[in-house]
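Count along the sequence shown starting at 1, add 904, and that's the number in this note's numbering.
These are calculated hints, taken from the structure and not from any lab test.
The reader is advised that the hints may include incorrect statements.
The list that follows gives simulated cross-link-like pairs (lysine-lysine, DSS-like), each with its CA atoms no further than 27 Å apart [to be verified]:
1) Lys1194 / Lys1089
2) Lys1070 / Lys979
3) Lys1013 / Lys1050
4) Lys1195 / Lys979
5) Lys1013 / Lys1092
Computed spacing ranges between beta-carbons, pair by pair [unchecked claim]:
6) Lys1074 / Thr1197: 26 to 34 Å
7) Glu1076 / Ala1148: 32 to 40 Å
8) Ile1069 / Lys1089: 48 to 56 Å
9) Asn1172 / Val993: 30 to 38 Å
10) Ala1131 / Asp1091: 39 to 47 Å
11) Leu994 / Asn1095: 17 to 25 Å
Being a predicted model, the structure only gives us computed values, none of them experimental.
We put the CB at the ideal spot given by N, CA and C, even for glycine.
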Amino acid sequence: MLKNIIPWTRSVAFLMILFCGFMSAGTAYAQIEKLLDGFVDEFLEYDEGAGAELLNRNLIKRGEVLYLYEQPTIKALSHMYWSLGLYNVLDDEAIDEFMKINECDMYQKFSGDEFEWSGIREAARYFIKNNKSEFPTRFEFMIPLKLREYNERFGAVDVQDEYKIKSFRKFELFASDAYRKPCLKRDKLLNGYPRGIILELSRPLTIIRVPMSKQVANNYIRKVNRAFKIKYKVDIRTKSRMYAMREAYIFLKVKIFAHGTLLGKSGNSRLAMVGMMGILEGYEIYADRKKETLFYSQIYVRGKTKGRLDIRLGDQYKILEEKSKNGGLLR
């Protein structure tokens, strides 16, 4: 069974479908309770050890269920916003912005003709209304880390102090192409849909060291040291520069299911942000962005036949449900 693998990424195709009238009915997520219906995930209570799972890129497979975690591009996030009800389908400006992001060429060509564009807008509105329940809500976000030395006591490499994640629940995350130029030259990056999110997880995440075998750590450190000696001459080979090259990357696999308020411009960027809430379904730590050397993985979900939620996951949903009542999420 595939979850979240649908043809939403082919924007041109969806407009062809629109005009042919071939639509599948969809149901908006009006309340968090509806998300619980038929949910098949189950949280695992214990980790199975360092590197226990070598995952296939951005997939998690458990039993009969295969989850695809989308890359958080601007286009992908624009679909998620509709899935979670951030925008009203009656809002013409929100519909037009969706088309700017997903069908820029079409917007540039036809938006100047109000009669022509009116028909296109209605087709897009119909598409969103009837398909938003199928838009992606699972994403993979990358966060950089910096490492120190191997700690034999813990069988792990310590994370540098400024990169340690100590019981964090909120993360500032951005689209992978966040600084892509807008469709129109007059538009600014701050305008339109948010290009970044403040994600609040259902439970805190702690990463202060990365578990791995001594051999894996030795291979990694030797490889980085070789590159370090090539990059710097002997007289400027400082420890701080050496540590700066000990990079690693954590890939968070998140199920997002509730939105908060629009937050305006981020203090560290020129981008608009929005509050979101989700559950961490797993994470992987690699030595490189290309995911060629896996250090460690931790997966919290497993697939099984459709049934009731595992009680631990259900408790987390209840916590988030209370937070999201009356627009109080993330305030």
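Do the hints match the structure? See the list:
Note on Lys1194 and Lys1089: the hinted pairing is violated, with a Cα-Cα distance of about 33 Å set against a maximum of 27 Å. Restraint check for Lys1070 and Lys979: not satisfied, since their Cα atoms lie roughly 32 Å apart, outside the 27 Å limit. Proposed proximity of Lys1013 and Lys1050 is contradicted: the alpha carbons are some 47 Å apart, above 27 Å. Simply put, Lys1195 and Lys979 have alpha-carbon atoms about 23 Å apart, close enough for the 27 Å limit, and the pair holds.
With a C-alpha separation of about 20 Å, the suggested pairing of Lys1013 with Lys1092 holds against the 27 Å cut-off. Between Lys1074 and Thr1197 the CB atoms are about 29 Å apart, so this pair conforms to the stated range of 26 to 34 Å. Take Glu1076 and Ala1148: their Cβ atoms lie about 22 Å apart, and the range 32 to 40 Å is violated. In this structure, Ile1069 and Lys1089 break the distance hint of 48 to 56 Å, their C-beta atoms being roughly 39 Å apart.
The given range of 30 to 38 Å is respected by Asn1172 and Val993, whose C-beta atoms sit roughly 32 Å from each other. For the hinted restraint 39 to 47 Å between Ala1131 and Asp1091, the CB-CB distance of approximately 41 Å keeps it satisfied. A hinted range of 17 to 25 Å holds for the C-beta pair Leu994 and Asn1095, which are about 21 Å apart.
The structure is inconsistent with the numbered hints 1, 2, 3, 7 and 8, although it conforms to all the rest.
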